[in-house]
Amino acid sequence: MSKTFTLDDKRIPFEDGQTILQAALAASVYIPHLCYHPDLEPHGSCKLCTVKVGGRQTAACTLRAAEGMAVESDTGEINAQRLALVQMLFVEGNHFCPSCEQSGDCRLQATAYQLGMLSPHFDHFFPNRPVDASHPDFLLDFNRCILCSLCVRASREVDGKNVFALAGRGLKTHLIVNAPSGKLGDTDFGGADKAAHVCPVGVILPKRRGFAVPIGERTFDKSSIADYVASRHGKRGGEK
Amino acid sequence: MTAHDATRPAPPPAGAPERKPKLATVSLAGCFGCHMSFLDIDERLFTLIEHVTFDRSPFTDKKEVGECDIGLIEGGVCNAENVQILREFRQHCKILVALGACAINGGLPAQRNSIPLSSLLQAVYYSSPRLPHGGIPDDAELPLLLDKVHPIHEVVKVDYFIPGCPPSADAIWSVLRDLLAGRAPVLGHGMLHYD
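Sequence order for the protein chains is Z and D. According to this note's numbering, the residues represented by the first sequence are 1 to 240, in order. According to this note's numbering, the residues represented by the second sequence are 1001 to 1195, in order.
It is worth saying that the hints were derived from the structure and are not from the lab. Each hint should be verified, as a subset may be incorrect.
[What the hints assert, rightly or not] One-sided and incomplete, this derived list gives chain Z residues near chain D with beta-carbon spacing under 8 Å: (1) 88; (2) 98; (3) 109; (4) 123; (5) 124; (6) 126; (7) 215; (8) 219.
[As the list claims (entries may be wrong)] 30 Å max Cα-Cα, derived DSSO-like pairs, lysine-lysine: (9) Z/207 - Z/222; (10) Z/183 - Z/172; (11) Z/47 - D/1157; (12) D/1148 - Z/183; (13) Z/183 - Z/222; (14) D/1148 - D/1020; (15) D/1148 - Z/172; (16) Z/10 - Z/52.
Note that the coordinates shown come from a computational prediction; the quantities given were computed from them, not determined experimentally. Built from N, CA and C at the ideal position, the CB exists for glycine as well.
So here's chain D without its partners, still in its complex pose (with noise of 0.2 Å):
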């Protein structure tokens, strides 16, 4: 990515109404590497405000999502508040997208899919000479843990894929870039990466 003019979501149609279509991001059970990446886009950050309005965000830290245009997921799902946040997201957004190794195949934090819940807990709370009468916490306000960490195609339909941990900025600029111009995003060969 050179020429940054270039590159500029195309301008509403003449006569069409002002409004800015707006993004919503969040991070479920990701590392919120794929945020920072995202902040990588660096001065596009400028043109991106110019043609956006954030709703939900970390950066604005709205804590409910409204009605959004275009919904970025981190992370895949690991408890019961991932899977209802990411309802949420399907329910408010035209369009949602999965950013990142985790949205897409459950990533780092799925390695522990192979080991019975118990079994982790009881390694975690009891085997850990720091916390030796902690035992396993059980208060409401924590989200029940999910057997097992699941990529979030596998709870509700997801659009798009930004694939990467964490997907390059120039990956995901790309792809907002195609969105907001109204076009299906293409990642060709060095901006699509599983690693």
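Looking at chain Z on its own, in the form it has when it is part of the complex (with noise of 0.2 Å):
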């Protein structure tokens, strides 16, 4: 009998080391999150995987989970939480979708479809973030980035080559690229890069591939990023 913590009203089985978001996710569970990635180590610093722990809340990426854990998730206090978070993302950059390239297979606007957000309801900050086209086949508009260092990790930790990096603190906090120019086309970051397929946006965007896929067609049109994350994650089902 393998050990088990409760997630909102079921029973997650789990293997000593899994956080609490891995458990769910190998469960088919659902708990929103943009800064996880399964093959990169948990950053914790979007919180939309914030959960109920003992009355505390914390981050699902990171806690290990631990038998007999009661877990609150789904509840409408932390999905009300949850939305205030994507609604400050939309309004901290540029997040035009009906002329992002990412539209549709963006994991933000899919999971602010999940919390249901109707407008972005702060006032927008309208950053001028300009375009890093210098690269033959990636484009860099950091008018979308979300700051969660997936590219950074995943350039570091699985290609070696350590082309971006947050830099400034607080609200000036931005993503750069590692070069004395600054640019993208001045690294060696090429198409086969982890990097170049983790950002959840449209930040770093393949060349000529534009709208290949037409809008309506794309991933989050034909099903919510629910069921798409767990039916792609899940190796076996949850015990309710």
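From the two separate chains plus the hints, produce the assembled complex.
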């Protein structure tokens, strides 16, 4: 009999060392998240995966599961906080879905759909963030960066290249390219890199692909992110 | 949306005075695409017209908004006239609805927000080979441009939002149907799109 904890009304089996999020996803149970990727070390920064354990809030991607733990996730209170986090991400950057190549495949957008976001609620920052088109095969559109650091971690941990970094602090935190010129075209970044394929939004885009798959026929046009993520990660069913 | 009969608004309660709710619509800094999508409700327009009277709207060409039950706003605000009309709508409409991406986050017109207004006007009116001597228009009839394009909720309180560029006819119909039946509108998966 494997060890279990409860997530809302479900019993989730886990193995020693698994985080709450890893165990939940393995059991095909979705917890919203943006900065987590199964192949990379958890970062715990986006806070979308915040759950309540023993009445205290914690990131499900960093807390290891423990026998008998009672975890609350899909509650009105927590989802309202997640919605506010997503709304803040939308107003901090320039997220104009109709003109974004990633629309329909974007995890920020799909998470906002999942949380029922109808408006960004807050006042927009409308920041000025020029794009970087210097690389022959990839475009960087910083307008959409949510500072999840997935590209930073992928480039460091998997590709061994250290192409990206988060610079600045607090509100001034921003994504940079590690080159004297600051341009992606002056790095050894390439299409085979893990970092080229982990961006949850539309910052790192392959050139000349654009709208090859039309709007309306994309990943999250077809299924909700909850169904999509649960079906991709799940290896065994959660026990009721 | 298949069976239109099932989607009709609830009839008014028995004994209630006969009065059709008034609906006003306007396009501010928009492209009228949301209005086109509104027209895309097709034959459901006949059902709608049984239940509402149109006040100020491109459909009626009325210039002033009267006391209304529902106001639909397409587009964000890019100039002083947009702000004035938006405030008039807020003042006269019991329920104000942001219709489409531009009303909700500024949309395409807000792409100018990272560029100083003076640079934009210089680029358009002094760099264009077709406007060699025109200068920047300053006729008193022309509304003054705002330095940035803003979504409408940054100017007035907005009660409901219908995202999309444009929102689908089904989404618009679903929200109108809910509002006319006195329910809070809900847009589920498939109806909720930002693109």
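Open item on the list: Does residue 123 of chain Z hold up as a contact with chain D if the rule is Cβ-Cβ below 8 Å?
Closed with: 5 Å, holds
Task: Distance restraint between residue 207 of chain Z and residue 222 of chain Z, which requires alpha-carbon spacing of 30 Å or less - done: Holds, because 24 Å separates the two Cα atoms, which is no more than 30 Å.
- [ ] Have a go at the residue 109 of chain Z hint: is there a Cβ in chain D nearer than 8 Å to its own Cβ?
- [x] Hint holds; residue 109 of chain Z Cβ to chain D Cβ min 6 Å, cut 8 Å.
Task: Satisfaction of the residue 98 of chain Z interface hint, Cβ to chain D closer than 8 Å - done: 4 Å, holds
Open item on the list: Please verify whether residue 47 of chain Z and residue 1157 of chain D have alpha carbons no more than 30 Å apart.
Closed with: Holds, because 29 Å separates the two Cα atoms, which is no more than 30 Å.
Task: Hint check, residue 126 of chain Z versus chain D [nearest Cβ-Cβ separation less than 8 Å] - done: 4 Å, holds
Open item on the list: Given a cut of 8 Å on the nearest C-beta pair, is the interface hint for residue 88 of chain Z held or broken against chain D?
Closed with: 13 Å, violated
- [ ] Please work out if residue 183 of chain Z and residue 222 of chain Z have their alpha carbons no farther apart than 30 Å.
- [x] Distance of about 36 Å is beyond 30 Å: violated.
Open item on the list: For the restraint on residue 124 of chain Z, tell me whether the closest CB of chain D is nearer than 8 Å.
Closed with: For residue 124 of chain Z, the interface hint holds, since the closest Cβ of chain D sits about 7 Å away, which is under 8 Å.
TODO: Answer holds if the nearest beta-carbon of chain D is closer than 8 Å to that of residue 219 of chain Z; otherwise answer violated.
DONE: Residue 219 of chain Z check fails; min Cβ-Cβ to chain D is 13 Å, beyond 8 Å.
- [ ] Below or equal to 30 Å on CA atoms is what counts here, so check residue 1148 of chain D against residue 1020 of chain D.
- [x] Violated, because 38 Å separates the two Cα atoms, which is more than 30 Å.
- [ ] Would you check the hint for residue 1148 of chain D and residue 172 of chain Z, treating anything up to 30 Å between C-alpha atoms as holding?
- [x] 21 Å, holds
Violated hints, in rising order: 1, 8, 13 and 14; the structure is consistent with all others.
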